[in-house]
Structure formats: C-alpha cells, structure tokens
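**Student:** Given next are the chains, with one letter for each unit.
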Amino acid sequence: MADSTFPVPGAIGAAAPRRQWSQTAFLAWLHDWVVTVDHKKLGILYMLYAIFFLLVGGVEAMLIRIQLIRPEMHFLSPEVFNRVFTMHGTTMVFLVGMTYIFGFANYLIPLMVGARDMAFPRLNALSFWLTFFGGLLLYYSFIGGYGLYGAGSAPDTMWWAYSPLTERAFSPGHAPDYWALSLIITGFGTIGASINVIATALCMRCKGMTLMRLPLFVWLNMVTSFLALITVTPLTAAQVMLLIDRYLGGHFFDTQAGGSALIWAHFFWIFGHPEVYVLVLPSFAIANEVIPVFSRKAIFGYPAMVAASVGIAFVSLGVWAHHMFSIGMTSVGNAFFVLSTQLVGIPTGIKIFNWVATMWGGKIRFSTPMLFCTAFLFQFLIAGLTGIILSVAPWNWQLHNSYFVIAHFHYVLVGAIVFAIFAGIYYWYPKATGRMLSEKLGKWHFWLFVIGFHVTFDTMHIPGILGMPRSIFTYEADRGWGTWNFIVSIGGFIQAIAVLVFAYNLIYSYFKGKSAGNDPWDAWTLEWATPSPPPAYNFAEDPVVTSRRPLWDIKHPEDPDWRYE
Amino acid sequence: MLTEPYRCVKWSVKWFLFLFLFLASQAIFAEGPQSTPSIFAPASTPANSIYELSLFVIAITGGIFVTVGSLIAWAAFRYRQHGQDDTSEPAQIYGSTQVELAWTVIPILIVVVLFLTTARVIFAIQDAPKPKSALDVTVVGHQYWWEFNYPKLGIHAVNELHVPLSDADHPTPTYLTLLSADVMHSFWVPQLSGKTDLVPNKVNHLWIDPHHPGLYVGQCAQFCGVEHAKMLLRVYVDTPEQFAAWVKNQQQQAVNDPKVAEGRHVFETQACMNCHTIAGTAATGRFGPDLTHLMSRDTLASGATTNTPDHLREWIRNPDTFKPGSLMPAMQLSDQQLDQVTAYLSTLR
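These protein sequence lines map, in sequence, to chains A and B. Count along the first sequence from 1, add 123, and you get the number used in my numbering. Count along the second sequence from 1, add 40, and you get the number used in my numbering.
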C-alpha cells in the first residue's frame, strides 16, 4: 500500500541518493554507525551482534558434538572441552539471548508506540557498547594466558560457575576473572537497556495508546525488562563478591575458610531461573505479533495474555531453587519449590491456549515466519511438559544434571526461543532493510532446521534417562549411550547447515531480495505505517490511535476494532 | 516452489529411518556387554518409588501432549489458507471469558493432583526413618575420586562401594553421609537412588536398600573440574556372606611380603607416602586414596581403567595416560623403581 493511504505519514521528501564508495564515504559511514543514538541502528547492531555470537556459539556446539559422537574420543583434551562447553553456554545465554531481546525491543518499540526514539537515546548507545565490549573481553580470554594453545584462559567452570571451584585454590589463573568481569560489564549494559525499554513503553506512547492498547510485543518486553532489572543485579553482586574473594581476601564462597558454596548457588539461580523467562518472554512477544497477522485474526484474549505474562514474571521470581533439588534442601523446602514451579505452568498454558484459539477459525498463511511460529508452538508445548517432569522433585533427583535436562532447556532455548527469533527476523527484516528475505531459502532453512532440531534434541532425552550426566568430556563405551550420542551429533550438523543457509539468506536478500514496500504482510501495528526502512525520525507527525490494531481500523473502516474493545 | 524442500524432507526422513534402524541394531547386538545405568531399571526402594512416580507423571504429561498437540496440529491444518487469491478476512473474535476460565481452572486442578502426589514421594524418601540394622557409610568426594568410610567397621574403602543386599524380611539399608573435601560433587547411581550433591561445609544424606546383588555403575554428576568425566562410581551389592568376607579382608592391615621389600622401600622413601595411606606402614597420607587393599579393587583411578599390574605400572609412570589432569603427579621413577613399586602394590590384596 502507498504511504498516502495512511493518516500516519512516514517520509518527508525523497530518500537520499545512494552514495558512491570512497574512503571518506566509508569512514563517514563507519563513524555514523559508531556514534549513532538512533534506536533503529542500535537495534540492528544488537541483532548483528547476537547473530555473530550465535554462529560462534554454534561452532562451539559443533566441537562438543564431534567430541561426543563416539565414546572415548580424544578430539579435544579434557581442559579444552571444559572451556568450550562453558563458553558455549555463557555465549548463548549472555551474548546471544540477552542481546537479541534488545535488538528487537530497540528497533520495534518506538515504532510500535508511535515515538521517534527510545526514552534515553544516549543511554541506549552506552548500553550497547558496554555489552559489545563485555563480549569482546570474554572472548579475549581465548588468546590470554597460554595463548591459543589449550584455549588460553577461557572460563572452564560451567556457565553457572559453582563455587568453590571458582576460588583461587581450585582455579588459579584468570579463567573465572574473565567470566565474572565480562558478565558484570554486559550486565550493566542489560540494566541500562532495561531501564530504557520500561521508560519508553510507559512514557513515550503516542496519543490514544493506553496501556490496554499497547501491542503485546511491547507489553512482554516491558515485563522482561522489569524482570531483568530485578535479576541481573544479584548476579552482578555475586560476581563482585567472587572477585573480592579472589583478590581482596574475602571468604564469601571460600569454603576452606568457612565460606558457603550453597550461597553462591542461591545467588546464581535467583538470577538464573528468572533469566530463562527473561529470554523466553521476548520470544512470546514475537509470536504474539506473528501468529495473529498470519492467521488473519486479532489475538484471542488480549487481557488474559497480558495477565499471564505478568503472572509468569511474578511466579518465576519464586522458583529458583528447583535447580537445587539435589543440593540437600529439607523436604518442606523441596515441596515448596515443586508447587511454585508447577504454578508457572498455569499462565504458560493460558498463553498456548490463546495462541491456538487465535489460529482457530483463521485463514493461516504459512509464510516462513508462520512456519517457524507453528514449530515454536509445538516445541514450546513439549519443552513445557518436560519442564513439568523436571519440577517433580523426586524424579528431578534422577534427571538433574543429566542429558535429559540439557534436552529440556535446549528445547526451550532453541525449540522455542531461536525458532521465534528466526520468525521475528523473517517478519521484520523487510521493515529494517526494505527487502524481503528469500522465501525459497527460508523454507530450506526452516525444514533443515526443524529436522536437525528434532533429530538432535528429541534423541538427547534418552541418554539422560539412561544415566548420562552433563558436562563430561567423554563417556564409557559399555554404558550404551554411544548410538544415541551419534544420532544427536548428526542432528547437530544438520542444524549447522540450516543456520548457514540462514546466514546466506540474510546477505543474499540484502542485495538481491524482492523489494518489500511498507507493509508486505498486510499487518496491523504502527511500524508498518512507516516506509521500509523507516526514516531516522520514524513518523513525520505523531500518530493517533483508537484501538490495539490501528492499521486494521484504517484498512477496514466499516468494521473497526475500537467498537469491540 | 515448495517441491524442492519437501522432496528433501522426504529423502531425509527415509534415510534417517534407515540410519536409525541400523544404529539401533548396532546398539543391541554389536556393542558388547552393556551395563546401562537406566533410571527405568530400579533396584532399590528410593529408585523404585521415583520410577513409579515417573510413570504417573508421564501419563499426565503425555495426556496433555496428545490433547494440546493435536489441537495445534488440527488448527494449523484445518484453518490454513486455501489458495493465494482468497484475500477476504475471517471473522474477528477477540476472546471469551468463559473459555479463558475453563483453561485456567483445568490446569489448576492438574497442578493440585501433581503436587500432592509429588509431595508424598518427597516425604516418603527424604524423611524415611532409619532402622537400627542400617549400615552407615561416610562418603567424601575428592577431585576426582571417592572415599568411603565405614565408621562402625573401621574400613576406609575407595572408589568402589560395597554394601549388603537388603531384603524385605531383614532390611539392611545403607545410609550415606555425604561430604566434600574440596569442591561440589554429586553421588549418582541411577538404579539405586536419585542423586544428592556433596557440598563442602554441608552434610547431606542419602539412603539405598538394594534388592538384587550385583554391580551398579554411576558417576559424579556435578561438574568438579578437569577430570569430572572420569570420576566414576561402582557400587557392589554383596550377599551377606560376600559382604562379611569383604569386611573381614578390609579390616586387616596391609600384606607385608618380604619378597617385595624393595618396592615398599621405594614407596616409603619417595613422595608416594605424603598422599597415600597403607595401614601398618609409615605411609599415612590423606590426600590421595588409601592403598591398603588396592588389589581388592577392580578399577584404578576412580574407574578410569581396569586394575591390572600393567595398568598400575603405567598409572604410576604417567597418570596422564589414563586421566590427564588428575591430581596424581608423574613420579619420575626409574624403570627399576617402577617395577619394584608395582610388584609391592600388587601384593596389597
């Protein structure tokens, strides 16, 4: 549709002519990106950062899978294997998970609420560059210490870095220092970005956009940011305490001087469990936009979806010790955390039912974003059910720290979150670049990834049930785990190919993709009223909205939403 | 446009099935003797109550999966767009309070049932009263080996835990007190019970009452450093006669065979004795495993290899052969010293 049909005009004047390449122009371009405070450019920087580290973490995953493909493999030494799996986990959670959130949030929230930028543009730039340099510091560990030989000083204490293994008595050298310092820095970035998201969602809304008309995407990102604010701080505190232990003679976690290993576990999981919801709520946010648009129906039960999101965030703050069922809590303590954990299933169930009800009676268009979202729904259901299984404390005593748990949380982190990220990228890439991603490559990407995913992670539950613990660099030949691990590794390689197809698609379509126009998906939220890509100021005039789906009202003046809300 | 990916899917599924069947048959027939520590083959009361609970939970979650999964599949199939040119919008439905209530209340009921069932098993296992006939064992986790002390019997065993068979008429369960000498570890023998962590500065408990004699394998389940993967566990469930014989042997001082006096001399004059104990000699070190009855064990280095004189010699020469990163140093002994000390240690039955 042309701009003129919308009463929310986008561009002022014609687009700037394409610049010729020259050194000065290149430096000007680079300078422009480095000093930018534009939320859209920062959003793209966050996304590129997340995708880059997704590839790096993926390479680490492949190394792990080569090592475990057969029993008693010596592809990596035990030291290097431990560093690689620690870096895989740390990278995927802190450098991919925590940055994709702010990539989408930065790019989309101002556009969705009809604002010209985030509430604090400079804080936004500061947050990104803190995160950026935190990540660089973490990866500098590979060339620190002994140099590239033996993977340098890369952290080797798992992503949860349980004490007292991280104390100087057991970890001389600098591996835990790299881990703690770089995550403190990215943590500050997260805190800054969270404050910004909350302020933008609450204070920058255009005229008529009450909280109950806020797109669900914005709602969920606001809830996520509240959760991140509450949970990143204890982690930062614990990491500072760890550094005090290591360098200033503290004994918080130094068990040989009366410190407590248990306290670290509590600190870490008070961050670590809500963190899972910090990562998954923004993926729900994406599904909340994609599923209605491709089902051609309004989201079913908007107030219930808002309530369920807030409910999940609230309950998730009281479930952390379900990561510690085997640490030796009392029976009453264990029972409490069983109940609180199972309660999370109720609002989560409401969300799944509402998504299905949104599809019900619609006319579903299975473009690539919707394919990814359908797989997301199905896989998130399974991930939730294995979550219920793991919440059953006695069974958890068996399954905890086994490959079953790894399968479960990869079902969440890959099956739900990464699938939703891909859906989101296929959905909003046209807005950010002005070009469509190739549907043909997209379908290749989807089918290879979904097959690889199920070959890997469905199978991975089984060695866990057969008693295979996690974080082991190899396993005994007589345990009967060999075949399962072989299949898991094969699936991993298929996923790697799929991700390469995706990366190729991103680059290819940037130059050769079909032109997108303003509103390629015939969608309903405000970002689709701007040109693709939107100009720096987003909206030439402040938009005014009267319902949750402003563009629906414009496209269907005979049947506008505000009559029913 | 769609045909290529779909052909690829069909092709992949076919070959995946072939591969799967081939590998499954390999697993069943070709991998030699297996001792898979499956949690679905319980041999002790705690493991068995967990197994029964898990069947109940599988039934509930399986039921939810089939119901909701088919709803998703049906919605995706039934309400897909027919043809690109159908651009009319479907009826817009914004929600329904009754429906929302229904799918809130039903999950609440399921949670109540699940929670009560779970709580019952938690209390039954964790708060089980300890019978007088129970055997006490103190387990101490070390980087990367296990110390098993039997305080009432005066036994210090290592890496291989011997416990008596417990039958319903004469229950002789084993109560484990779990401690750690350094970092966190976790005691996990899946067929006997769930895992419990060994946490420094914290005393944890676990009990087992194995119903069938035999060997049960497990391993450390909490990452504890470089050689975490080779911190294997072996639990021997002995019949009363076997157990009595084992206890009697373990209570003896070390064999003192004059034929291997040179080897003993090497052991007592090198750094070996700083870390290892051999009861009845000058060696009283506590950092490494007790070697008083070394040859009564089937494995070396916490299961890293089998206990044969050749492996023992190689282990002393260069521990990195079997367990790179273990805290046992290579002692730089001469070949003659190696032969002597191996000969000496081989007599410690």
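If you're looking for bench data, these hints aren't it; they were derived computationally from the structure. Treat the numbers as computed from the prediction; the structure is a model and nothing was measured. C-beta: ideal position from N, C-alpha, C; glycine also. Possibly wrong hints are sitting among the right ones.
As the list claims (entries may be wrong) - Pairs of lysine to any residue, SDA-like flavour, derived with a Cα cap of 20 Å:
1. A:LYS486 / B:ALA311
2. B:LYS170 / A:MET452
3. A:LYS486 / B:PHE117
4. A:LYS678 / A:TYR633
5. B:LYS172 / B:ALA208
Unchecked claim - Counterexamples of contact, computed for chain B against chain A with all Cβ distances above 12 Å:
6. TYR91
7. ARG118
8. TYR119
9. THR144
10. LYS172
11. LEU193
12. ILE195
13. GLY254
14. ASP278
15. ASP375
**Student:** Any of the earlier hints contradicted here, and which numbers?
**Tutor:** Going through the list in order, the structure violates hints 1, 4, 6, 7, 8, 9 and respects the others.
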